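Protein chains: 2
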Amino acid sequence: MKSKGFEGMICSMASVMGALGDRWGALIVRDLYLGLRRYDDLRESTGASNATLSDRLKSLQQSGLVERRLYQTRPDRYEYVLTPEGQEVGLVLLAMVQVGDKWNVDGLPGPPLRFVDASTGRAVLLNLVDAQTGQPVDPSHLSIEAGPGADDLTRWRLERARAMR
Amino acid sequence: MKSKGFEGMICSMASVMGALGDRWGALIVRDLYLGLRRYDDLRESTGASNATLSDRLKSLQQSGLVERRLYQTRPDRYEYVLTPEGQEVGLVLLAMVQVGDKWNVDGLPGPPLRFVDASTGRAVLLNLVDAQTGQPVDPSHLSIEAGPGADDLTRWRLERARAMR
Chain B
1 MKSKGFEGMI CSMASVMGAL GDRWGALIVR DLYLGLRRYD DLRESTGASN ATLSDRLKSL
61 QQSGLVERRL YQTRPDRYEY VLTPEGQEVG LVLLAMVQVG DKWNVDGLPG PPLRFVDAST
121 GRAVLLNLVD AQTGQPVDPS HLSIEAGPGA DDLTRWRLER ARAMR
Chain F
1 MKSKGFEGMI CSMASVMGAL GDRWGALIVR DLYLGLRRYD DLRESTGASN ATLSDRLKSL
61 QQSGLVERRL YQTRPDRYEY VLTPEGQEVG LVLLAMVQVG DKWNVDGLPG PPLRFVDAST
121 GRAVLLNLVD AQTGQPVDPS HLSIEAGPGA DDLTRWRLER ARAMR
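Which chain is which? The protein sequence lines are B and F, in order. Residue numbers for the first sequence follow our numbering, so the first one is 1 and each next one is one higher. Residue numbers for the second sequence follow our numbering, so the first one is 1 and each next one is one higher.
Rather than coming from a laboratory, the hints here were simulated on the basis of the structure. Incorrect hints may have been included.
Derived pair list, reagent style SDA-like, types lysine to any residue, alpha-carbon separation capped at 25 Å [what the hints assert, rightly or not]:
| id | chain 1 | residue 1 | chain 2 | residue 2 |
| --- | --- | --- | --- | --- |
| 1 | F | K102 | B | T133 |
| 2 | B | K102 | F | L158 |
| 3 | B | K58 | F | E44 |
| 4 | F | K102 | B | A150 |
| 5 | B | K102 | F | M164 |
| 6 | F | K102 | B | G121 |
| 7 | F | K102 | B | R38 |
| 8 | B | K58 | F | R160 |
| 9 | F | K102 | B | D138 |
| 10 | F | K102 | B | Q132 |
| 11 | F | K102 | F | V116 |
| 12 | B | K102 | F | R68 |
| 13 | B | K58 | F | K102 |
| 14 | B | K102 | F | D152 |
| 15 | F | K102 | B | A146 |
| 16 | B | K102 | B | P84 |
| 17 | B | K102 | F | I144 |
| 18 | B | K102 | F | L34 |
| 19 | B | K102 | B | T120 |
| 20 | B | K102 | F | K58 |
| 21 | F | K102 | B | A131 |
| 22 | B | K102 | F | D31 |
| 23 | F | K102 | B | T120 |
| 24 | F | K102 | B | W103 |
| 25 | B | K102 | F | L142 |
| 26 | F | K58 | B | A161 |
| 27 | B | K102 | F | G149 |
| 28 | B | K102 | F | D138 |
| 29 | F | K102 | B | Q62 |
| 30 | B | K58 | F | M164 |
| 31 | B | K102 | F | E44 |
| 32 | F | K102 | F | P84 |
| 33 | F | K102 | B | P84 |
| 34 | B | K102 | F | G18 |
| 35 | F | K58 | B | D138 |
| 36 | B | K102 | F | E85 |
| 37 | B | K58 | F | E85 |
| 38 | F | K102 | F | N127 |
| 39 | F | K102 | B | E88 |
| 40 | F | K102 | B | G149 |
This one's a predicted model, so the numbers in the text were calculated from it and none came from an experiment.
Make a model of the complete structure from these sequences and hints.
If you want it as structure tokens, here you go:
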């Protein structure tokens with residue numbers, strides 16, 4: 001996976017944004033994450049033009065999120081599936097949906113999608129948890145600190161932020 | 001079946017992507033989330049030009065993620081802080097960092113940032129949890145279903161995805 005733009009900037013976030021590309025890219029990844037695979041379905045679902053859809057599918061393949069797969073021969077037909085990296089981006093999309101649902105910009109009677117645990121039927125959400133124990137962590141307890149891969153700019157950023165408190 | 005493009009589209013995800021705008025917008029929100037407030041700090045941290053930074057700060061105010069606040073008079077000086085909605089977007093940024101760190105595009109010895117619970121000092125991560133019990137949910141158990149606000153396009157998307165399994 002290659003990072004594009006933001007040359008030399010150590011920022012995992014920018015690499016994910018770069019891989020998605022734009023909102024069309026995000027909508028395509030969303031659809032593949034839901035389980036759509038066919039070009040025509042993606043066009044119908046996203047409302048993208050052929051030019052936009054083809055272009056974004058190519059970019060998503062280049063950035064390693066999407067794989068094109070032959071599913072039929074004579075005539076050859078292809079479908080699109082998420083790579084393991086693409087699957088991981090699902091986490092980001094879930095976070096977006098969770099936040100957007102809370103804003104409820106469309107004034108809906110409820111969220112358009114429900115996330116449930118198939119084994120229990122109960123609602124699922126994204127939350128901060130203790131990496132060791134899996135117990136929920138109060139967001140107000142979250143502290144962001146320099147990690148082993150922090151560069152000078154990252155350290156400066158965190159120090160400035162601390163000074164502003 | 002008509003897709004309506006981004007305007008009027010029932011999609012919480014697109015509304016969050018739209019509010020962030022682009023990667024510059026996301027970098028600015030990241031910096032404000034970390035705790036930077038001053039224009040000059042934001043410029044230093046993001047590497048954005050004055051034109052880009054001013055423009056994105058205005059957009060972020062218009063979309064309700066950022067608030068400009070007078071912090072000094074004679075001469076008047078302003079700082080930038082996240083609104084409650086902007087704070088919520090932090091969840092999306094955390095998800096991006098978590099995914100991007102796993103890819104480790106920069107070949108670092110470790111992640112640039114560490115997320116810890118200030119009360120225990122232990123690492124924190126985003127995970128799927130049962131909304132009632134707070135217990136972790138295996139991502140492979142996640143099922144996405146139509147919610148009360150689902151429109152025809154959303155229902156069609158989920159049905160098509162089910163048919164492709």
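Hint check:
1. K102/F / T133/B: 20 Å, holds
2. K102/B / L158/F: 21 Å, holds
3. K58/B / E44/F: Measuring from Cα to Cα gives roughly 34 Å; hence the hint is violated.
4. K102/F / A150/B: 15 Å, holds
5. K102/B / M164/F: Given pair K102/B, M164/F is violated - Cα atoms ~30 Å apart, limit 25 Å.
6. K102/F / G121/B: With a Cα-Cα distance of about 30 Å, the restraint between K102/F and G121/B is violated, given a limit of 25 Å.
7. K102/F / R38/B: Outside the cut-off at roughly 29 Å; violated.
8. K58/B / R160/F: 23 Å, holds
9. K102/F / D138/B: Holds. K102/F to D138/B sits at ~24 Å (cutoff 25 Å).
10. K102/F / Q132/B: 17 Å, holds
11. K102/F / V116/F: Given pair K102/F, V116/F holds - Cα atoms ~17 Å apart, limit 25 Å.
12. K102/B / R68/F: 23 Å, holds
13. K58/B / K102/F: Holds. K58/B to K102/F sits at ~23 Å (cutoff 25 Å).
14. K102/B / D152/F: Holds, at about 21 Å.
15. K102/F / A146/B: OK: K102/F and A146/B at ~16 Å, within 25 Å.
16. K102/B / P84/B: Status violated; Cα separation ~28 Å.
17. K102/B / I144/F: 17 Å, holds
18. K102/B / L34/F: 22 Å, holds
19. K102/B / T120/B: 24 Å, holds
20. K102/B / K58/F: With Cα atoms ~23 Å apart, K102/B and K58/F stay inside 25 Å; holds.
21. K102/F / A131/B: 15 Å, holds
22. K102/B / D31/F: It holds: about 23 Å lies between the C-alpha atoms, which stays within 25 Å.
23. K102/F / T120/B: 29 Å, violated
24. K102/F / W103/B: 29 Å, violated
25. K102/B / L142/F: Holds. K102/B to L142/F sits at ~20 Å (cutoff 25 Å).
26. K58/F / A161/B: 21 Å, holds
27. K102/B / G149/F: 13 Å, holds
28. K102/B / D138/F: 24 Å, holds
29. K102/F / Q62/B: 18 Å, holds
30. K58/B / M164/F: 22 Å, holds
31. K102/B / E44/F: Since the Cα atoms of K102/B and E44/F sit roughly 32 Å apart, the hinted pair is violated (cutoff 25 Å).
32. K102/F / P84/F: 29 Å, violated
33. K102/F / P84/B: Since the Cα atoms of K102/F and P84/B sit roughly 11 Å apart, the hinted pair holds (cutoff 25 Å).
34. K102/B / G18/F: 15 Å, holds
35. K58/F / D138/B: With a Cα-Cα distance of about 31 Å, the restraint between K58/F and D138/B is violated, given a limit of 25 Å.
36. K102/B / E85/F: 9 Å, holds
37. K58/B / E85/F: 33 Å, violated
38. K102/F / N127/F: 14 Å, holds
39. K102/F / E88/B: With a Cα-Cα distance of about 9 Å, the restraint between K102/F and E88/B holds, given a limit of 25 Å.
40. K102/F / G149/B: 13 Å, holds
The structure fails hints 3, 5, 6, 7, 16, 23, 24, 31, 32, 35, 37 (numbered hints given earlier, in ascending order).
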